[in-house]
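S.K.: Given next are the chains, with one letter for each unit.
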Amino acid sequence: MVGVQRESATAIALLMLCLVSAIAVVYSSHSCRRFYSALQDLEIERWRAQAHYSRLLLEQSTLASPHRVLVIAKDQLGMSTPSIGTIRVVVE
Amino acid sequence: MSRRHIQPVEPSAWRFWWLSLLLFSLGTLLVGRLVLIQAIDKDHGAGFLKKQGAMRAVRLAEIPAYRGLITDRRGSPLAVSTPVVSLWANPQHLSGSDRLEELANALGSARDTLEAKLARYADKQFMYLARSQTPDQARRVLDLGIVGVRSQREYRRFYPAGEVTSQVVGLTNTDERGVSGLEKHLDTELFGRAGKKRYLKDLHGDAIRDIGVVAEARHGTEIALSIDLRLQTLQHRELQRAMVETGAQAGAAVTIDAWTGEILAMTNHPASNPNSRADFNPEAARNRVMTDAIEPGSTVKPLLLVAALEGGAFTIDTLIDTSPGRMQVNGKMLSDPRNYGEISVSRVIEKSSQVGVTKISQAVGHESLLDVYRRFGFGAKSAVGFPGERSGLVPNREHWADIEKATLAFGYGLTTTPLQLAQAYAVFANQGLRVPLTLLKRSTNEPLHSERVVAPDIAEQVLTVLERVTGEHGTGRRARVAGFSVGGKTGTVHKVGAQGYIDDQYLALFVGIAPMNEPRYVTAIVVDQPVGDDYGGGAAAAPIYARITEGVLRLRNATPRIEVSSEIRLASLGAEQ
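Top to bottom, those sequences are chains A and B. Per my numbering, residue 15 is the first one in the first sequence, and the count goes up by one each step. Per my numbering, residue 719 is the first one in the second sequence, and the count goes up by one each step.
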């Protein structure tokens, strides 16, 4: 009788393990799907960020183009390149 | 177990065996079928089924990769790939749609145009609706959700500096491969190779999970050039301005840092805007600084000086009798503007005296002169490796007429690119060491692999003479820059036409070094066919040199040679305390 009881206890334990592992499979495949969809979102976001970044780069280089800086400095701010007579060398 | 207590009954036994047999054979049939499907790959077997399944659920997707950014030495972008979206449609799905009006509005075109296009592509499965749209523009169209309208991601290359860097940076084609300039030369590094991945999709076409990466995406490398965009813009502006002033057809300018071999600026005229394919002009695409081999004229006379000084028979103060200001070689008259009389070797170069140069070259011999030319890099491509770069020609033949030996010293009968001229002068600025040139930014700890081509004391003496050329009596007076001492050499060359040299068409050249107290920046200027009386190197090219060099020295923080103000020093120290 003790032997039979031990056998059925083992069987129940195995059954439980089987159940646990089945649920684990379900769980992991579910999280796989979830992470994958998150990954896809991130990839799309990266693509958008890249698009945005390169647009900003272009915008920045247009705004900071040496030619534009020169025109603004000269015409709007009334600046000019210092002539050699107005330059003083300062020794530190 | 309970069977032990029951006596078997005949009919039941039969029934039992029949049933067992039936169940057994059904089982065998099932297992057999399973084995057939799962294990044995015959027609409609395992392989077939796997393929069918994959056809319905497995898809390949592209992993996008970007072409590398090209920046100048300070990080300003010169070539940027930006994602764009091209909209396309299946005309067979779209034609007859009742939302064409809406679609045309979103695309910013007329309904008639769209319908005409649909009619034209009526028997096709694919047509572009709009190419290279910004993602926002495309989103507005796609959000309408019109059946048959689809999008595809692409990249477009933009050149923020436009025509200022157009010949150096070059162009890419629609597949984002470099076709000219550095885009071509550095294509392997810059190209972003799109990867591929396999994924499982569900019934609605949405990806469920990745199965695996078939090919890894490889993004292009970001490359920093040795070019300084500020200098490049300045050089471009001054060159354009000079083209208007001199009425010249074309021009080229290059500035290099002699200590590091880096090319800081390189511009050409004409130039065109690389962002507009419609403006493309092959003449304006050429990077003349490297692709045009020209006769360098008098700008090579400092190299004759090297040959003369190395021979040991001359110093820069040795006197040469140039009277009566002309001499005949092989029946050809070589003459100076006037009789200079007995002048020093240094003055021969300063005045660019034909008679003096001929006498020196006769004493030196053409072989040692050719040797100097080769050592200074003539006749061989520079280390830059630019597409279409020319090596120029240093003649290599057995028999030389006296006149050929003489004109070789004047810079005729050999060709060099403007870059090679700058490279040769950089040797003087770098105490006789030749540093391989580059268009890529060098890091400060990179070994330079420089090569000694001339002794430091000879380089020093040549610098002394070059500084005198821009002095009060020299031909390069107009190359002077306020606050700095500069040195250089002018050159005026007859252009070559179908009938030989053309009498009234010239190339004006100037190659200079600055600042002479700490020689570092070498700039070469070529003006192609200046109009009017100011056609010479001293009149047409030297002023451009002066204006460019003034900017180079300012932007590179060279210290001007003016009196140090002690008052300001005290005042600023006082302010800090």
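Some hints could be false.
Stretches of chain B that chain A covers, calculated by requiring three or more beta carbons in the stretch to come under 8 Å of a beta carbon on chain A [unchecked claim]: (1) 797-809; (2) 947-954; (3) 1150-1164; (4) 1269-1279.
In short, the hints are calculated from the structure, not lab data. C-beta atoms are modelled at their ideal positions from N, C-alpha and C, and glycine is treated no differently.
S.K.: For every hint, state whether the structure bears it out.
M.R.: Against the structure, the hints:
1. 797-809: Three-residue rule met by the segment 797-809 of chain B, so holds; n is 4.
2. 947-954: holds (count 4)
3. 1150-1164: Three-residue rule not met by the segment 1150-1164 of chain B, so violated; n is 0.
4. 1269-1279: It holds: at least three residues are needed, and the segment 1269-1279 of chain B offers 3 whose Cβ sits within less than 8 Å of chain A.
The structure fails hint 3 only (numbered hints given earlier).
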